[in-house]
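Student: Sequence:
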Amino acid sequence: MAGRRHSYKVEDEHEFEEKVLHSKEPVMVGFFDKSDQTSKIALFRAQQVVDEMEGKVELAKVFVDELSELSEKYGIKQTPVIDIFQNGEQKGQMSGVHDLVDLRRFVGNTIE
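Under the UniProt record's numbering, the residue at position 110 of the sequence shown is numbered 110, and the numbers go up by one with no gaps.
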């Protein structure tokens, strides 16, 4: 479906477990800080890559200020961080802001 946004905001740890850890499909998890400009840039680029991939991966947005315990559980000390999960396992991690080419390559190499 063209134009469909394949993303959602994670509201709590239960939703993270259900939608990310129990997903058979790959999920890009973005750990972001709403007040941080680099997080805003990384979120925009992550959404762009997910939209381009048309359903091959979803984006789960975790805002660290709202879900600090979940962020700590996954060792997030600063934002932004992009993790790829599949079948309950963390497959890869990328910290900081990266250009679209690098982000596409990271996601493509991690999920295939």
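Be a bit skeptical, because a hint or two may be false.
What the hints assert, rightly or not - In silico SDA-like links for lysine to any residue, alpha-carbon gap of 25 Å or less:
#1 K91 / T110
#2 K56 / D102
#3 K34 / N87
#4 K19 / K91
#5 K77 / K56
#6 K19 / F44
#7 K40 / H98
#8 K34 / R45
#9 K19 / E89
#10 K24 / D51
#11 K77 / T38
#12 K24 / T110
In short, the hints are calculated from the structure, not lab data.
Student: Next, verify each hint and record whether it holds.
Tutor: Now for the hints, and whether the structure bears them out:
1. Between K91 and T110, the direct Cα distance comes to roughly 7 Å. Compliance with the 25 Å bound is thereby established for this hinted pair.
2. Proposed proximity of K56 and D102 is supported: the alpha carbons are some 18 Å apart, at most 25 Å.
3. The hinted pair formed by K34 and N87 fails the criterion: a straight-line CA distance of about 28 Å is larger than 25 Å.
4. This hinted pair checks out: K19 and K91 have alpha carbons roughly 16 Å apart, not beyond 25 Å.
5. In summary, the hint linking K77 to K56 is not supported, as the alpha carbons are separated by about 28 Å, beyond the 25 Å threshold.
6. With a C-alpha separation of about 21 Å, the suggested pairing of K19 with F44 holds against the 25 Å cut-off.
7. About 12 Å separates the Cα atoms of K40 and H98, which keeps this hinted pair within 25 Å; it holds.
8. Proximity of K34 to R45 is assessed by CA-CA distance (about 15 Å); at most 25 Å being required, the pair is judged to hold.
9. This hinted pair checks out: K19 and E89 have alpha carbons roughly 13 Å apart, not beyond 25 Å.
10. For the hint pairing K24 with D51, the CA-to-CA distance comes to about 19 Å; that is within 25 Å, so the pair holds.
11. The straight-line distance between the Cα atoms of K77 and T38 is roughly 15 Å, inside the 25 Å bound, and the hint therefore holds.
12. Among the hinted pairs, K24 with T110 is consistent with the structure: their alpha-carbon atoms are about 14 Å apart, no more than 25 Å.
Violated hints, listed in ascending order, are 3 and 5; each of the other numbered hints is respected by the structure.
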